[in-house]
Amino acid sequence: MNEKTRFMLALITPAALVLVLFQVVPILTGANASFRDWTLHDPKRTWVGLANYIHVLRDAEFLGIVLPNTFGFMFASVALSLLLGLAIALMLNRRFPGRWLVQSFVLLPLMVAPVIAAIMIRWMFNDQFGVVNAALEGLGLAPISWLTQRWTTFFVILLTDVWLWTPWFALILLAGLQSLPPEPFEAARIDAASAWRTFRHITLPMLRPVMVVCIVIRSIDAFRTFDIVWTISGGGPARATELFSLYAYVESFQFLNLARGSAAAVIGAIIIVVFALLLYRILNRFVEVSK
Amino acid sequence: MAPARSEGFFSALAPRGKAVLFALTAIAVCLLFAFPVFWLVLTSLRPGTGVYYVHRGTEFTIDNFHEVLSQEIVIRALFNSFMISTLATVLSLGVTATSGYMLSRFKGPIPNTWFSLIYIFRCVPYVAWVLPLYFVTQQLHIFDSYWGLLLPHIAVHICFFSWIMKGFFDGIDPSMEYAAMIDGCSRWGAFWRVAMPAAIPGLTALAILCWLYTWNEFLFALILTAHETPILTVVMAQFVHELGMEWHLMSATAVIALVPALIVTLFGQRYVVRGLRI
Chain A
9 MNEKTRFMLA LITPAALVLV LFQVVPILTG ANASFRDWTL HDPKRTWVGL
59 ANYIHVLRDA EFLGIVLPNT FGFMFASVAL SLLLGLAIAL MLNRRFPGRW
109 LVQSFVLLPL MVAPVIAAIM IRWMFNDQFG VVNAALEGLG LAPISWLTQR
159 WTTFFVILLT DVWLWTPWFA LILLAGLQSL PPEPFEAARI DAASAWRTFR
209 HITLPMLRPV MVVCIVIRSI DAFRTFDIVW TISGGGPARA TELFSLYAYV
259 ESFQFLNLAR GSAAAVIGAI IIVVFALLLY RILNRFVEVS K
Chain B
2 MAPARSEGFF SALAPRGKAV LFALTAIAVC LLFAFPVFWL VLTSLRPGTG
52 VYYVHRGTEF TIDNFHEVLS QEIVIRALFN SFMISTLATV LSLGVTATSG
102 YMLSRFKGPI PNTWFSLIYI FRCVPYVAWV LPLYFVTQQL HIFDSYWGLL
152 LPHIAVHICF FSWIMKGFFD GIDPSMEYAA MIDGCSRWGA FWRVAMPAAI
202 PGLTALAILC WLYTWNEFLF ALILTAHETP ILTVVMAQFV HELGMEWHLM
252 SATAVIALVP ALIVTLFGQR YVVRGLRI
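Residue numbers (my numbering), protein chains in the order written: chain A, 9 to 299; chain B, 2 to 279.
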């Protein structure tokens, strides 16, 4: 082993140690559990092979509700926060009085713990005492019992997620906008290009690598969302808004079948890893093009 | 004269119309992002009986803050959360700076393998390992202690931060380090004295985000701590789960928790925007 290799390994050793002990070992422990019978009446934890996986993959709840919910939530949340974040970043990239104030307001969601934001928004959408229904009544509209129907609950969860993550998109896209070279914009101004054409043909292509990185990172995180859904709806009403993390959690702790929950978690992990590798190839292509 | 004036009139009207529209949009954006926080602050200023008509009542009180701050568990949770966030930030950045530097400066099978590994582990959902993590920390006898929460937090940060750090170091020209090494500096010296100072803007941005993230984290704190090490987010959530629906106390604690985050963000936002160029 030469001196360069030793240096490379020394640089990653601390990170690798923590990663193995606190991520690889727990994941393997969970994967091991997913091949066993973990119900309470089997103290020997018999090896059952793929039985838990087959059960999850045949579960109508998992296929018909959990997977569409998860992917729908991921696409809707990422698309909405990206669009809003981009609009806000473009706004903050201009000079106007009070810009600093607007930027501080936009950063507010980053300071609030997601679980507190979720509790607060659940409270605002409370059907009896919530401010949203009070506002609806004030406008002469009928109050809506938000958290008792599938799609309204889904809407509230989506709203919370978009509220929490739009600032993150705005912040990174703003940093990206500020690092763009000024020359192409000056050239566009000399050619009297309209604001829309400048945005469409200069800003957007130059910003694309940053946008793709944001989309990859956020999609992976949105896929595994747990805490805000758990706080707002608990997966209800009647398991209709369960995402896949919730499904694994409910199987493990409410139905006390850790093995089946672990199997669901492993299936979800495989889906998202495959998805992320595909995204990574797309990402690489975009980054190569931009260079 | 007349046509010129009318032309001037319309061109004067149009940009002003645009400016008004722009200002209205800016105000709408502010309201949208501020409203839930405003509502939280308003709820925290209500007496316990007033929270059910927050939008109508007129009586305000700061007793909630007195009551919350007189509870020993809240004070301990504040201290613990502060310590955990600060230590996690320092340790995570220390561990990932070297790992990101390695990914940025070297090519070959070792960096490629390491990069694939952190990319894959970044994707694994929390549910797949939070529960076994509970058993692991118990086996190591660090459950419900600082280390028992710190080390899993660092493990989460490793994958993401190594990736971001690689981006920071990619943006720094390595020729200075080669020059330093030709002048007799060791590899460690080149990393520590030349590359690290150049990466400070990025590190500052990441430190701020890491601190906020750990301060606000909930799931790990819920599962990996108990009575010995109360954590602020868990204590807050308990006000509306286990101890009855005490919205006013939850809100007061949340407002207190907001203050350090507010200070960190307001003073740091310039560095965050400047440092986050990936």
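Keep in mind that a hint or two might mislead.
Unchecked claim - The following residues of chain B were derived to be distant from chain A, with all beta-carbon distances above 10 Å:
(1) 18
(2) 133
(3) 258
(4) 275
What the hints assert, rightly or not - Heads up, incomplete: computed chain A residues facing chain B, CB under 8 Å, no partners named:
(5) 22
(6) 30
(7) 37
(8) 119
(9) 123
(10) 132
(11) 150
(12) 156
(13) 160
(14) 274
Since the hints were derived computationally from the structure, they do not count as laboratory data.
Predicted, not measured: the structure shown is a model, and the values here were computed from it.
Glycine residues also receive a C-beta, built at the ideal position from the N, C-alpha and C atoms.
Evaluation of the provided hints:
1. 18: Since the minimum Cβ distance to chain A is about 15 Å, residue 18/B lies beyond 10 Å and the statement holds.
2. 133: Violated, since 4 Å does not exceed 10 Å.
3. 258: 7 Å, violated
4. 275: 7 Å, violated
5. 22: With a closest approach of 5 Å, the residue 22/A hint holds.
6. 30: Holds, because the Cβ-Cβ distance from residue 30/A to chain B comes to roughly 4 Å (cut-off 8 Å).
7. 37: For residue 37/A, the interface hint holds, since the closest Cβ of chain B sits about 4 Å away, which is under 8 Å.
8. 119: 4 Å, holds
9. 123: 4 Å, holds
10. 132: Nearest chain B Cβ about 6 Å off; hint holds.
11. 150: 18 Å, violated
12. 156: It is violated, given that the least Cβ distance between residue 156/A and chain B is near 18 Å, above 8 Å.
13. 160: Violated, because the Cβ-Cβ distance from residue 160/A to chain B comes to roughly 18 Å (cut-off 8 Å).
14. 274: 6 Å, holds
The structure shown violates the earlier hints numbered 2, 3, 4, 11, 12, 13.
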